[in-house]
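Visitor: Counted the way the numbering used here counts, the sequence shown spans residues 1178 to 1526.
Note that these hints are calculated values from the structure, not bench results. Nothing false has been slipped in among the hints.
Pairs of lysine to aspartate or glutamate residues, derived as EDC-like cross-links and limited to a Cα-Cα distance of at most 16 Å, are as follows:
hint: 1; residue 1: K1523; residue 2: D1215
hint: 2; residue 1: K1523; residue 2: E1185
hint: 3; residue 1: K1438; residue 2: E1351
hint: 4; residue 1: K1449; residue 2: D1472
hint: 5; residue 1: K1386; residue 2: E1399
hint: 6; residue 1: K1179; residue 2: E1385
hint: 7; residue 1: K1449; residue 2: E1465
What follows is a set of in silico ranges between Cβ atoms, one per label pair, in the way DEER data are often shown:
hint: 8; residue 1: S1335; residue 2: D1395; range: 32 to 38 Å
hint: 9; residue 1: E1268; residue 2: E1351; range: 36 to 42 Å
hint: 10; residue 1: D1327; residue 2: D1420; range: 56 to 62 Å
hint: 11; residue 1: D1183; residue 2: E1319; range: 40 to 46 Å
hint: 12; residue 1: D1473; residue 2: K1288; range: 29 to 35 Å
hint: 13; residue 1: N1181; residue 2: V1289; range: 40 to 46 Å
hint: 14; residue 1: D1473; residue 2: T1317; range: 54 to 60 Å
hint: 15; residue 1: L1446; residue 2: E1399; range: 37 to 43 Å
hint: 16; residue 1: D1331; residue 2: D1472; range: 54 to 60 Å
hint: 17; residue 1: A1514; residue 2: W1457; range: 27 to 33 Å
Because the structure is a prediction, the values reported are computed rather than measured. Every residue, glycine too, gets a C-beta built ideally from N, C-alpha and C.
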Amino acid sequence: MKANFDREFTRAGIWNWEKPHIEDEIRYAQYAEEAGLDSVWQGESRLVRDAMTVMGAYTQVTDEIDLAPGVTNCYTRNVAVMAQTFSTLHELSGGRMKLGIGAWWDPLASKVGIEREHPLRRMWEYCTVTKRLLDLENVTYEGQTLSVDDIELDLVRSDAQPRDVPIYVGATGETMHKLTGELVGKGIAGGIFMNYLIPPEHNLKGLEKLKEGVEKQDGTLEGADRPQLIAVAMDEDADVAIDQARGLATQYIGQQPHIRKASGIDPELAEKVQAEMGGWPASAEDIERASQYVDDDVVTNIVAAGTRDDVIDRVRDYCAAGCTEPVVYPLTDNMEAVIDALAEAKAEA
1178 MKANFDREFT RAGIWNWEKP HIEDEIRYAQ YAEEAGLDSV WQGESRLVRD
1228 AMTVMGAYTQ VTDEIDLAPG VTNCYTRNVA VMAQTFSTLH ELSGGRMKLG
1278 IGAWWDPLAS KVGIEREHPL RRMWEYCTVT KRLLDLENVT YEGQTLSVDD
1328 IELDLVRSDA QPRDVPIYVG ATGETMHKLT GELVGKGIAG GIFMNYLIPP
1378 EHNLKGLEKL KEGVEKQDGT LEGADRPQLI AVAMDEDADV AIDQARGLAT
1428 QYIGQQPHIR KASGIDPELA EKVQAEMGGW PASAEDIERA SQYVDDDVVT
1478 NIVAAGTRDD VIDRVRDYCA AGCTEPVVYP LTDNMEAVID ALAEAKAEA
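All chains, please: the whole structure from these sequences, using the hints.
Guide: This is the structure:
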């Protein structure tokens, strides 16, 4: 697939997590809405703040901006609890919720006793049953990774209308892209939430598979929404921005095989990063030592890092490679300035 999508973007969002104070995350959600952005995605991939609780707070301090976990996972909450949670958030938000679901990652999953033996099958079955429950169906389902018997959302004392909560599958690998395409083509998912810390050209490989999957179910690629998480480091001094992004790039190259594979780093250097850092969890000192193997070119290949113009130009590279809504995660301590830059670029489109 060639990079022939529009470089400009008319939708944009932010990704919130791990701010020093939870009040900061709430304030940034409000600021993003006031600036004219379209979405706030709450991270939950590691054992940090619970996304559902924080998003519940967002529903009470914002009015229009869309809200989503970016992403939760398809293992730790059973399908009934997930549907119940998003039915509640749908009510609290006035219908502004999206549901981002990923397949989680090891070694974290195995450390809490979860065996990810069939992640693709699990994603298919989990999304299928969750969607049916949110549509207020009575569901009996016998699958390979989950089964439910005669369940439905019990809404006899509340608004008993189907919950319009589009599902977005968090994907990095090509096989998950294809499966997501099939889920979109069947009307189960609304789109894909593409991962961060990958170069834009990686999108094209995934979107080829997304297109293959959606067309297999008689859909079109245009019918698959494609927001993407993009790590951003912005500073008036480009070298300062790149240095501030190096730690996260190092951490994920060392900890997460799918990021390491997609990052473009030389495999031998990646092995040195992993060995020096020692896997997960890693201390700040571990990451600092391993970062000696991650040069500027590696950082700027997977992070939109540099001046304001550098950052926006790189974000547009991701849009040219198929992203329909950049969702930025600032690594520098200037969230409001990044939001302003993104809002200005959106307004210029």
